[in-house]
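**Q** As given, the protein sequences belong to chains W and L, one line each in that order.
16 is the number of the first residue of the first sequence in my numbering; add one for each residue after it.
933 is the number of the first residue of the second sequence in my numbering; add one for each residue after it.
The reader is advised that the hints may include incorrect statements.
Said to hold, decoys possible - Capping the alpha-carbon separation at 20 Å, the derived lysine to aspartate or glutamate pairs in EDC-like fashion look like this: (1) W/Lys83 x W/Glu64; (2) W/Lys431 x L/Glu1004; (3) W/Lys458 x L/Glu1135.
Honestly, the hints are just simulated from the structure, not real lab data.
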Amino acid sequence: MSHKNIKTISNPKLKLEILTKEDVQKIHDATLQIIENVGVRFPSKRALEIWEANGADVDHEKRIVRVKPQVIEEALKKCPPAYTLAARDPQQDLPLDGNHVCLGTDGCGVEVIDIETKEKRTSCLQDVRDIARVADATEEVAFHWVPVSAQDTPAETRGLHEVKAVWENSTKHVQTESIYSVHEAQAAMEMAVILAGGKAEVRKRPVLSLMQCTAPPLGHDGGSLDAALIAAEHGIPTGFMTMASCLTTGPATMAGTLAVGNAEVIAATALLQLAYPGAPVFYAAAQTASDPRSGAYTGGGPEDFLFGAATNVLADFYNIPLSMGSFATGAKEPNWQAGLEGSLSTFMASVVMSDMLLGVGFLHGSRIWSYAEMMMDCEIFSIIHKMMQGIVVDEETLALDAIAAVGPGGHFLAQKHTRNHMRDLFLPQFLDRRPYTEWETKKDDARDWALNKARKILKEHQPDPLDERISKEFDKIIKSVEKS
Amino acid sequence: MSDELEKLFKEMAQSIIDGDSDISVELAKKSIEMGVPPLDAITKGFVVGVNYIGDQFGAGEAFLPELVMAGEAMKAAVATLEPELIKLGEAREIMGRVVLATVEGDIHEIGKTLVGTMLSASGFEVVDLGVDQPADKIIGKALEINADLIGMSALLTTTMVRQREVIEELDKEGLRPRIKVMVGGAPITRDWATKIKADGTSEDAVGAVQLAKQLVGKE
């Protein structure tokens, strides 16, 4: 399947076995045991009522729910295994079918390295617009998260302003991780329905999806639960993301942290299925390890990379799509650490075919947006995309005729076979392969070229505009929320 | 210019751009049959293709194999036209004469071979002696063809010292600065070239052509 202006990984030739069947079963059993005996906190009246109606043991005072394994397992069987994330431009729809790895921008940063001044400053609505526009032009980015927080808009409607800004500046799918209240979720549904052209249409072509963070260990946010239930009711794909972190919000051991995060995600996913059987859902995760010296969260490091590969095995076990955190880095500027953490996390999450990867563009633990980092992250994804194609071995690629023509010594540069296949080779944009003397004269590098590319896109790229009438209706919806 | 001639020159340029030696040779033969002056065939036909692909390469649009194939197609076309040029008592204006060799004890030559192809395509007359060449052979050939330039390659730190030997020998015989020396190869740095008193070095074949042009005063 090919998409207009979107590059996804599919038909992978590489494989990795990170957990055995027995390992997965053990994690699943441990998870069920946690949900049944320790329980998970659901601080939402509506959620607790749904659990109670389905026979769960509900502690209303502590708002902790304990559920029998069979209730969870039966509910999870109702999850659809595959569906489509629809885009404003149908040619950019994304199949979440287990055979596509789709890359998104990372989300909800608070600062931006200004594309012109290169100075760090507080993020605003215009940044959401600009980043969406750059991402729209970039074939590696398949869909959007709201990249940074529009801190110059009212807090109670910020999530709506952000979604509107992305839709207005890109024709690709929008997933928001920043709508977590009843009033915003309802308004967002209205907006999605208008964009899709009706309630039935939005079910068929969900132009919006929601991602809700869990509150590890073993907890949820009430607003997130209510928003997720509203999305499920409308057939808007929804995922719960655990960010359980070894040492602090999870046990120091990776298996234990997987089980804690799994309990959060599958309990909430089961809740949605109990309320709206068959609602499109996905598993989301970005587990990590806190720094043992300080407890700091930044993302990155070997535990991250292993979690990245292991979580898709769990999502596959439940037969639902996965959205996996990758490209997380603690680096303060685009440097060795950023390249290392971006590459390994994305490789590990890709080699197991995570359906969605979140995402490009951030430094300092998903806090600071950098356009240069965004572009270089895209190149890392392209390199991994190429690697996942593996090595084709057949008569043509064995090149026996060309080998015979060249013979011992000589070179292959003048062979027709070479000309026919030279474009199979990866062509980097930002890897420095120049003569040393050229570098010595210019002293520039990937960061300069990446920033220049982003600047050029921002200057030149004009996405297909959103119908002005739709924009105006969005404004009305947002205003009505602001008044109430 | 007649339409037919214009079409022929265009096809000649295209055969170089396509890197197709069979077609470039065929077109060279056709031009002789048509009575086209061979120098016109070169400068108004084939060279246009070489320049185009060179520009494309410089802009990062064309790849190295395309450049090399263009060079080889050019070489083949010129070789076809050469007897005709001699017959007419004409000579193609050459940029300079170059002797290329990989130094004694070293058998690595892909870079040097590429430099040879690029130099030929750019209008130099190139004699490539191949690998493992001692100083006397290199210098002997340079004197024989009245070379303007010697280009030496070495891949090993243990053989690159031979580049210095050749230069010292040239100095001893008073052949410099008449003969200029370019050195190249993976371990060769600008510092090394300066230290052994070479006239220049380049890290790639395209740079080597620029350097050669500078050294013969044609740039």
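**Q** Hints broken by the structure, by number, lowest first?
**A** none
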